[in-house]
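Going line by line, the protein sequences match chains P and Y.
When the count follows full-length UniProt numbering, it moves up by one through the first sequence with no breaks and lands on 235 for the last residue.
When the count follows full-length UniProt numbering, it moves up by one through the second sequence with no breaks and lands on 235 for the last residue.
Worth flagging that the hints you see were computed from the coordinates, not collected in a lab.
Everything numeric in this text was worked out from a predicted model, so none of it was measured.
Honestly, I wouldn't trust all of these hints.
Said to hold, decoys possible - Under the rule of at most 30 Å between Cα atoms (straight-line distance), these lysine-lysine pairs were calculated in the BS3-like manner:
id, chain 1, residue 1, chain 2, residue 2
1, Y, LYS80, Y, LYS48
2, Y, LYS91, P, LYS212
3, P, LYS91, P, LYS50
4, P, LYS147, P, LYS91
5, Y, LYS212, P, LYS91
6, Y, LYS95, P, LYS95
7, P, LYS48, Y, LYS212
Claimed, not checked - Quick list of simulated restraints, FRET-style, between CB atoms:
id, chain 1, residue 1, chain 2, residue 2, range
8, P, SER20, Y, ASP172, 44 to 50 Å
9, P, ASN177, Y, ARG4, 45 to 51 Å
10, Y, THR21, P, PRO52, 27 to 33 Å
11, Y, SER132, P, LYS95, 26 to 32 Å
12, Y, LYS134, P, GLN12, 35 to 41 Å
13, P, PRO140, Y, SER120, 56 to 62 Å
14, Y, LYS80, P, ASP49, 18 to 24 Å
15, Y, ARG4, P, ILE99, 22 to 28 Å
16, P, ARG107, Y, ARG107, 33 to 39 Å
What the hints assert, rightly or not - To give an idea of the interface, some chain Y residues facing chain P are shown, with a C-beta separation under 10 Å as derived from the structure:
id, residue
17, MET1
18, LEU3
19, PHE25
20, GLU32
21, ARG72
22, PHE77
23, GLY89
24, LYS91
25, VAL109
26, MET137
27, ARG203
28, PHE204
29, LEU215
30, LEU229
31, PRO231
32, LYS234
No residue lacks a Cβ here, since even glycine has one placed at the ideal position from N, Cα and C.
2 protein chains.
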Amino acid sequence: MSLRYLTARIAQQIDEELMSTAGAFSLDQLMELAGLACAQTLAAVYHKDKYPRVLVCCGPGNQGGDGLVAARHLGMFGYKPTVFVPKPGSKDIYKRLQIQCDNMRIRTVDGAAFDNALSSSDVILDAIFGFSFKGPMRPPFDSVISKLTKSGLPIVSVDIPSGWDVEQGNVDGTGLNPDVLVSLTAPKEGARLFHGRHFLGGRFVPTTIAEKFELNLPLYPGVEQIVELPPQQKL
Amino acid sequence: MSLRYLTARIAQQIDEELMSTAGAFSLDQLMELAGLACAQTLAAVYHKDKYPRVLVCCGPGNQGGDGLVAARHLGMFGYKPTVFVPKPGSKDIYKRLQIQCDNMRIRTVDGAAFDNALSSSDVILDAIFGFSFKGPMRPPFDSVISKLTKSGLPIVSVDIPSGWDVEQGNVDGTGLNPDVLVSLTAPKEGARLFHGRHFLGGRFVPTTIAEKFELNLPLYPGVEQIVELPPQQKL
């Protein structure tokens, strides 16, 4: 039985089920484990001695929240993260996660300081858009994505590379081309078109939901929050 | 600068500060990371191939919540945990964490099935009492603790061995004598009298709070949620 790749609709449905009365998870819990998995993925590929300065790019939605959690854990792991928030989220949890980063003395920059922050970074964590993204990209995100690509820095994308159609991939070519992808819960359809190093995170999917949605998740090793998937064959 | 050992009062104060407007953490977040650290500690000492059946004993307070989170992660790690709840907690989060265990098909037993569950376990995770415990122990906990001791099974205690005075240790001798202790946030005064393998978990204390309370926390290795402390010298 092979690992299931999710449509945007099924991904949304699983998220809702996890946080329903039956699933009983809070957003805080899921975001904490998802963000930890993102931080662990970056650390697994880009060692802090060689890539200490991580630019964590956070969108305004839940994906950005994962990014803020990841930034905090990267700070705990000994990296020097900088958070870039082109447009802050409005949810209370987003604000709390931002304060938690502030308390780790992690710097947050907005659009004005972005160029500078980008040129003094070693690696990018892309937590801009998640599985609810629908194109086309609007300002300021179009120019942010374009600058991230032009920087030539290694990029780790969360769940789906920003700018990609969740199911069709980088259809109009304006999305990121990350080196590493960390899928959360289960990979999305579009990730079939990703050929870099691919990790799976979100070691919180209970047996009941994994069975109901026939996810066929792989075994995670030891006490890790991530598992590396075999690379996709190019067709 | 040596690691600070906390009085019950200071431990309480740090907890409140973490969840204050300034600290901005939710109980869900802290419990998730604390429980993960407990599960990682047990896994670091008692391998799942040799000690698959973990009896996770959960008190009615926040410590029991850590235990429920740990049970779920132990299930994820491939152990066969059984949750023992002598007296369920009344908080909403406690009920949600219980459902999350149910969804992992983790069995929960109450007092009636305790003896049976104990005799078919390989190792105990003691999450009965935490740093807000004040003796003497009341039923049914006195008999539970006594049976756990008599079982002769290896015991991993969370934060402070159950039945110990948080600052004075196992003063009247009715507390547990665990093999392993996982202190959360920072060790409590009573842990100075513990001579087994001692781990620290709770890799969430922000720089601001670590500095304010002069915790002098050790460096955690890699992406781990726990760090082993040097053994306490017997005086």
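Here is what the structure says about each hint:
1. Y:LYS80 with Y:LYS48: 8 Å, holds
2. Y:LYS91 with P:LYS212: 29 Å, holds
3. P:LYS91 with P:LYS50: Outside the cut-off at roughly 35 Å; violated.
4. P:LYS147 with P:LYS91: Answer holds: P:LYS147 to P:LYS91 is near 27 Å, not above 30 Å.
5. Y:LYS212 with P:LYS91: 29 Å, holds
6. Y:LYS95 with P:LYS95: Answer holds: Y:LYS95 to P:LYS95 is near 27 Å, not above 30 Å.
7. P:LYS48 with Y:LYS212: 27 Å, holds
8. P:SER20 with Y:ASP172: 44 to 50 Å: Holds - the Cβ-Cβ distance for P:SER20 and Y:ASP172, about 46 Å, lies within 44 to 50 Å.
9. P:ASN177 with Y:ARG4: 45 to 51 Å: 48 Å, holds
10. Y:THR21 with P:PRO52: 27 to 33 Å: 31 Å Cβ-Cβ, so the 27 to 33 Å window holds.
11. Y:SER132 with P:LYS95: 26 to 32 Å: 29 Å, holds
12. Y:LYS134 with P:GLN12: 35 to 41 Å: Once the Cβ atoms are compared, 47 Å apart, the range 35 to 41 Å for P:GLN12 and Y:LYS134 is violated.
13. P:PRO140 with Y:SER120: 56 to 62 Å: 60 Å Cβ-Cβ, so the 56 to 62 Å window holds.
14. Y:LYS80 with P:ASP49: 18 to 24 Å: 39 Å, violated
15. Y:ARG4 with P:ILE99: 22 to 28 Å: This hint holds: roughly 24 Å between Cβ atoms.
16. P:ARG107 with Y:ARG107: 33 to 39 Å: 47 Å, violated
17. MET1: Hint violated; Y:MET1 Cβ to chain P Cβ min 19 Å, cut 10 Å.
18. LEU3: 17 Å, violated
19. PHE25: 7 Å, holds
20. GLU32: 5 Å, holds
21. ARG72: Y:ARG72 check passes; min Cβ-Cβ to chain P is 8 Å, inside 10 Å.
22. PHE77: 6 Å, holds
23. GLY89: For Y:GLY89, the interface hint is violated, since the closest Cβ of chain P sits about 14 Å away, which is over 10 Å.
24. LYS91: With a minimum Cβ separation of about 13 Å from chain P (threshold 10 Å), the hint on Y:LYS91 is violated.
25. VAL109: 19 Å, violated
26. MET137: 31 Å, violated
27. ARG203: OK, holds: Y:ARG203 within 10 Å of chain P, min 5 Å.
28. PHE204: Given a least distance of 8 Å, the restraint on Y:PHE204 holds.
29. LEU215: Violated: closest Cβ of chain P sits about 14 Å from Y:LEU215, beyond 10 Å.
30. LEU229: 18 Å, violated
31. PRO231: 23 Å, violated
32. LYS234: 31 Å, violated
Hint compliance for this structure: hints 3, 12, 14, 16, 17, 18, 23, 24, 25, 26, 29, 30, 31 and 32 are broken, all remaining hints hold.
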